[in-house]
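Asks: Chains C and H, in that order, are what the protein sequence lines are. Just so it is clear: in the first sequence, position 83 is 107 by my numbering, and no numbers are missing. Just so it is clear: in the second sequence, position 65 is 89 by my numbering, and no numbers are missing.
A portion of the hints provided could be inaccurate.
Identical copies carry no separate label here, and so any pair may be met within one copy or between two of them.
[Stated by the list, open to error] Computed cross-link-like contacts, EDC-like style, restricted to lysine to aspartate or glutamate with a CA-CA straight-line distance of at most 20 angstroms:
(1) K41 x E76
(2) K88 x D102
(3) K100 x E65
(4) K88 x E63
(5) K100 x E70
(6) K100 x E63
What the hints contain is simulated information worked out from the structure, not anything from laboratory work.
Protein chains: 2
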Amino acid sequence: MADKRKFLICYDIVDSKRLRRAHRLLSDIAMSVQYSVFEAELSNAELQQLQEKLMPCIDSEADKLTIYRLFKTNAKIDLAVHDDDELLYI
Amino acid sequence: MADKRKFLICYDIVDSKRLRRAHRLLSDIAMSVQYSVFEAELSNAELQQLQEKLMPCIDSEADKLTIYRLFKTNAKIDLAVHDDDELLYI
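Same shape as in the complex, but just chain C:
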């Protein structure tokens, strides 16, 4: 099975129709972290397909869509979840 890597996809899409389309597309293959931010595990081929599908959703003048590669483990702090006095290290 192709090696999968972890990615974060975040976007600012102005037009509501394009926004819904991107959101629907991502909801099928990724986990919603917060509004307009998704985490996904993708092979290289899946990453290319995702780019091809998302490109028509983006107006390069008005919108932003960034894909970040993430570390697989120990690379995330969720500030809303842990106790107030416990600072986290990643």
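Starting from the structure of chain C, add chain H where the hints point.
Replies: What follows is chain H alone, placed relative to chain C:
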């Protein structure tokens, strides 16, 4: 000089007063990538200070704020910037 690492900070903050406070705080030390998403290079001490400052801005019931550690290089695709037919690899 302390070794700095790259982080992504993204948030969903419901209350406008808390939202402005977090945005102001982050604008001082990080680069705005898009609405409610910032990139920052931080030492461990700076990461701890940032958590301490951001915690009062977060209502753990209503809000989300996630800090991701990022790779330093070759780890980002900006779909709105490059040519339509050019798929990027990271």
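Asks: If a hint holds in the structure, say so; if it does not, say that too.
Replies: Consistency of the hints with the structure:
no.	hint	verdict
1	K41 x E76	within (18 angstroms within a copy, 39 angstroms between copies)
2	K88 x D102	between (24 angstroms within a copy, 7 angstroms between copies)
3	K100 x E65	both (15 angstroms within a copy, 15 angstroms between copies)
4	K88 x E63	both (17 angstroms within a copy, 14 angstroms between copies)
5	K100 x E70	between (23 angstroms within a copy, 16 angstroms between copies)
6	K100 x E63	both (11 angstroms within a copy, 14 angstroms between copies)
This entry satisfies every hint, going by the numbered hints stated previously.
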